[in-house]
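Assemble chain B with the ligands onto chain A, guided by the hints.
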Amino acid sequence: MAIRKIKEFAIEKLILICGLASIFFVVLIFLFLTKEGLSVFKTVTPFSFLFGKSWYPISEPAQLGILPLICGSLLVTLGAAIISIPIGVACAVYIAEIAPGKIKEILKAGIELLAAIPSVVLGFIGMVTLVPWVKTTFNLPTGLTALSGSIILAFMAMPTIVSIAEDALYSVPKSYKEGAFALGATHWQTIYRVLLPAASSGIVAAVMLGIGRVIGETMAVMMITGNAAVIPQSILVPVRTLTATIAAEMGEAVVGSEHYFALFAVGIVLFIISFIINVTADLFLHKRKF
Amino acid sequence: MVKFNIKNLNIWFGQIHALKSVNVEIEANEILSIIGPSNSGKTSFLRMLNRLNDLHPEFKMSGWLEFDNEDIRKINIEDLRKRVGMVFALPLPLPLSIFDNIAYGVKMHGLKRRERVSEIVERSLKQAYLWDEVKDRLDVSAFKLSGGQQQRLCIARTLAVEPEVILFDEPCSGLDPISTAKVEEAMLKLKKDYTIVLVTNNVKQAARVGDRTAFFLSGELVELDKTEKIFTAPADQRTDGYIRGKFG
Ligand SMILES: Nc1ncnc2c1ncn2[C@@H]1O[C@H](COP(=O)(O)OP(=O)(O)O)[C@@H](O)[C@H]1O
Ligand SMILES: [Mg+2]
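These protein sequences, in sequence, are chains A and B. Numbering (this note's numbering) for the first sequence: 6 to 295. Numbering (this note's numbering) for the second sequence: 9 to 256.
Source of the hints: derived by calculation from the structure; they are not laboratory data. Virtual Cβ for every residue (Gly too), placed ideally from N, Cα, C. Where hints are given, some of them may not hold.
[To be verified] To be clear about the criterion: a stretch of chain B counts as covered by chain A if any three or more of its residues have a C-beta under 8 Å from a C-beta of chain A, and this derived list gives those stretches: (1) 16-25; (2) 57-67; (3) 73-81; (4) 240-246.
[As the list claims (entries may be wrong)] Computed far set for chain B versus chain A, every beta-carbon distance over 12 Å: (5) Ser46; (6) Arg91; (7) Val92; (8) Arg124; (9) Lys143; (10) Arg145; (11) Asn210; (12) Leu225; (13) Glu231.
So here's chain A without its partners, still in its complex pose (with noise of 0.2 Å):
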């Protein structure tokens, strides 16, 4: 009795420990990234950082605007809202309403497969067939563009929307399907008015989280979308993102130079956004709306 006792209280102590080991990681690591980040604001004011027009970190006076990167990471991210969004969704009620047994299966298989494939390789498919496609297309002098970004993120998107958002649509009581077929709805009629509806708090969250990893994602949009640090006029140029920026250029920033501490505010700006969606879903996930 009394070593099943401790045993108890062992393994408690234990998962405690290991719960605020984790958190103690992610303070540090917070920490760590406000007070590199921080010290870029002694030479630059917040509001230039934030919405200054250029660039040009290793120029003499190095000028730190970061809007470009912002308006970079924003259009990819919104080109490929734009095309995951509707795909994936209607892939999730596809998969969960439509597709008989077989062809459902081979579709989640595909679709886990799509998540497997990781984002470097992404890129390097995306630049030999989808740079020269999007190039010749729109009669590009490159195709090195925000839209080629946008499309190969749409890709590592939709994973993650299909499977949550189809999660969300079994979650809905079988009950309310029959109510309305009851009534004579048609399929489409069940699933437009009763379905997604009540699986919408599932499905925005589904999307944010989409979302959220493609705006965090680096390696394959480093790739493919010509990294030109100015600001975007439409969605066939060059872009360069946040995260790009960092992943290019922290190598060769001198510890302790304003470049360096540039860099890890436009760390804490991505730590910033990131947690904006990932609250974002968490609220629509957990929200009870009966």
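Only chain B with the ligands this time, still in chain A's reference frame:
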């Protein structure tokens, strides 16, 4: 007039033989009560009448099922379900306001004009004996209603699409006696204009509201007769046993 004519009906869900050679004629404007222990096929029988069983991936049937002298499989399924409404065991409001819960089916069938929809909502709520309790708060969520009120809301919702037949599947199983009495009162009034098939696990309820009563056991229709006959002098031993057991 015969509303449903069912001959030698057999149905299966995969390996389960859920109804075995069932023969029934359901008359217009009667209340047919169906009693029987659980898993005896009552729900499966009811769900044949609006073809809700078709949703089951492994459903198979054989035999003959006519609605208004027409093969039920030849009738457009949405039309059939509009004409044969159903009220489920658990009240099942949609996450909408009281008004929208009822307007929902009506709008779905193409009615758009607001005044007409309001008229129908009011008429249906009155028919379901709910109007007086909710007329001042039609725009609050249907989940704010009590269980008994929700069930009458579901009846109103079914009535709103103007069916000819209403199927009730143990509509009072979750309700207290007072709410049950109100639902039964509504059913008795509705009989004038509708044909009602009532599955109930409450034998006394069958005795109170049914014109005729059918007793199902293990997928077979054991006996179908006038309610007084079933409850006073059943022809089959098993019916007798079930009713006695239930009356305790
Ligand atoms: N969706 C279903 N899938 C498989 N078997 C079912 C399904 N619905 C009913 N059955 C089977 O059919 C038989 C009759 O069930 P049911 O009609 O629900 O009985 P009752 O309503 O009298 O309790 C039972 O053996 C049950 O297991
Ligand atoms: Mg049942």
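Practice task
Taking the numbered hints from earlier one at a time, note which ones the structure violates and give those numbers from smallest to largest.
Solution key: 1, 3, 4, 6, 7
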